[in-house]
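Engineer: Now for the letters of each chain:
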Amino acid sequence: MSEPVYQVLVVEDDPHLAAGVVENLRAEGFRVDTVSDGRRAVEWFDTHHCDLIVLDVMLPGLDGFAVCRTLRERGTKTPVLFLTALGEATDRIRGLEAGGDDYLAKPFHLQEFLLRVRAILRRWEWYRASARTAGSDVLKFAGNEVDFRAFRGRSWNGEEQELTEKEAMILKVLAEKPGEIVSREDLLEKVWGYDVFPSTRTVDNFILKLRKRFERDPANPVHFLTVWGVGYRFIPEPAP
Amino acid sequence: MKRTRLFQITVLLLVVVAAVQVGYWLYDQHVRGVEKTAALTRLYDQQAAAARALLDGGAPLQRVQETFPDLAVNAQKVELAPEHRAALLAEQQHRLTQYQWEGGFFLFALCACIGVIFAALRAETRVLNEQEQFLALVSHQFKTPLASLQLSVETMNLRQLPPERSRALLERMLSDLTRMETMVGQILDSSRLSHGRWDLKREPVLLDATVNRVVSQYLERAQTDHIAIESQVPADLRVLADPIAVDVVVRNILENALAAVAPVGGGTVTLAARAQGEEVELAVRDSGIGFRPDDQPQLFRKFSRLNAGAGSSYYGTGLGLYIVQRLMQLTGGRVSASSEGLGRGAEFRLTWPMAGTQAESHA
Chain B
1 MSEPVYQVLV
11 VEDDPHLAAG
21 VVENLRAEGF
31 RVDTVSDGRR
41 AVEWFDTHHC
51 DLIVLDVMLP
61 GLDGFAVCRT
71 LRERGTKTPV
81 LFLTALGEAT
91 DRIRGLEAGG
101 DDYLAKPFHL
111 QEFLLRVRAI
121 LRRWEWYRAS
131 ARTAGSDVLK
141 FAGNEVDFRA
151 FRGRSWNGEE
161 QELTEKEAMI
171 LKVLAEKPGE
181 IVSREDLLEK
191 VWGYDVFPST
201 RTVDNFILKL
211 RKRFERDPAN
221 PVHFLTVWGV
231 GYRFIPEPAP
Chain Y
1 MKRTRLFQIT
11 VLLLVVVAAV
21 QVGYWLYDQH
31 VRGVEKTAAL
41 TRLYDQQAAA
51 ARALLDGGAP
61 LQRVQETFPD
71 LAVNAQKVEL
81 APEHRAALLA
91 EQQHRLTQYQ
101 WEGGFFLFAL
111 CACIGVIFAA
121 LRAETRVLNE
131 QEQFLALVSH
141 QFKTPLASLQ
151 LSVETMNLRQ
161 LPPERSRALL
171 ERMLSDLTRM
181 ETMVGQILDS
191 SRLSHGRWDL
201 KREPVLLDAT
211 VNRVVSQYLE
221 RAQTDHIAIE
231 SQVPADLRVL
241 ADPIAVDVVV
251 RNILENALAA
261 VAPVGGGTVT
271 LAARAQGEEV
281 ELAVRDSGIG
291 FRPDDQPQLF
301 RKFSRLNAGA
311 GSSYYGTGLG
321 LYIVQRLMQL
331 TGGRVSASSE
341 GLGRGAEFRL
351 TWPMAGTQAE
361 SHA
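Residue numbers (the numbering used here), protein chains in the order written: chain B, 1 to 240; chain Y, 1 to 363.
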């Protein structure tokens, strides 16, 4: 079976850099479109879709963080790789909080860029493939229900839950190994990939969000258990 | 820097404490003055009561008056002598006035000190913030061409490219290097202007020689980008300005025009000068990407880059037009810009005072 041809959107206002990125992605077999300002990037999604967005931050019109936030608010789950001259830890966190999947500071190494692009697509391919598998697209536990394909769920009290792609992916990783310990590093690797975050604490924050959504008493969780110093254990149906 | 700041803050606190102390002293003196007058009044009341008791006991009027010289004693009433009462009130008023003026002056001087120190601290904070912002922006501006350069080098290293692709990448790399070189020049110029370290002269400058020299330096680049540069500057026009400033201004305006025309695939840039009364105007018209009339006020702001989406960031640092405006202001000239809108080109007009017909002129 031949490898799928991925569609990538490059949003970059510098014509030289955009041309360099586009040429290299095409040489790697991707279909590539390019847009040079933030507003047009958002408009592009009215009529198109893609598998990955390579997004500059300091863009005219609408900055990259705002583009990412707007797309997420509109329900676009397409993964985003930020490519920007703002390389401070706070900028990286801002990008990831805005809904980005990875962050690469300029100037960057071409091979690292290509590796990261492939890693993001691989993670998404894993998520989509596992969500497509019959029986694993919906997770039901203790009155909670999560549809991994729609990124939606319903908690034990009947409340509708709209999951972010990261929350869904974390839940997916945990649900694949019910009752087993999953380390923070494993979660990082599987959901974000290597060195995106300054610390593994970020995973903890996402677990807190999942507890708020699906635990009856988030302060005393019974489904998303912390294994101190190691990671987390997901217990779908805890023993009474 | 930190020690100086700490010292300034310490002095500010000391002056604030001193001002509070002076304020308290003023209040205290006022209260004491009033209390002292009240105490004296009570004393005189006691004396009056004693004098009245003596009179009631049958003591002679004259003897009672001699015993209490500050009182006015007569058969009907005993009270503080009006001249003493007036002196007492005058003394109190004098002291209060003295404290008000002297204390008020000290308080004013101290408040002025607080104001000056506070303003200095605020100004320093603003300068520090501006410097930080400037550095952040400069580093950002450099990282983009640097990233493009690195990408081109690594592409050539990673892939087997046909000769024409390699040549195109080399041209892109050279262009990125030119971009960075321009940035270095503009950043240095901007820094000199911001810190007032540009010793500007005012002397006659032959405009056509400057324009022709600058244009000749950009002809090759213009040819590569399919841009025709036309110069219509009369040979005898002299402006009164700094020769280096005129060179920098014309260079930046031409740079801006080329950057505006390149993204639309080529076009024309026309430089036309004419005398207008006591002034000389150089109009630089391009057929490039233009700008929205609403964006006009932002054009000359530091680090402002309009229409970057259409590609004007190709060579732009956001400093060129800022430098132009500052230099024109400092040399007694002015600059204005107009455009009919996006995609409809732009015109920049530089105006200098006309120089007299001095024999000596500089180009």
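These aren't lab readings, by the way, just hints derived from the structure by calculation. Every residue gets a Cβ at the ideal spot worked out from N, C-alpha and C, and that includes glycine. Please note that a few of the clues may not be correct.
Residues from chain Y that face chain B, not an exhaustive set, calculated with beta carbons under 7 Å [unchecked claim]:
#1 Q62
#2 R63
#3 H140
#4 T144
#5 L146
#6 A147
#7 Q150
#8 L151
#9 E154
#10 R172
Engineer: Work down the list of hints and note, for each, if the structure agrees.
Structural biologist: Against the structure, the hints come out as follows:
no.	hint	verdict
1	Q62	95 Å, violated
2	R63	94 Å, violated
3	H140	4 Å, holds
4	T144	5 Å, holds
5	L146	5 Å, holds
6	A147	4 Å, holds
7	Q150	4 Å, holds
8	L151	4 Å, holds
9	E154	4 Å, holds
10	R172	6 Å, holds
Hints 1 and 2, counting from the list given before, are not met by this structure.
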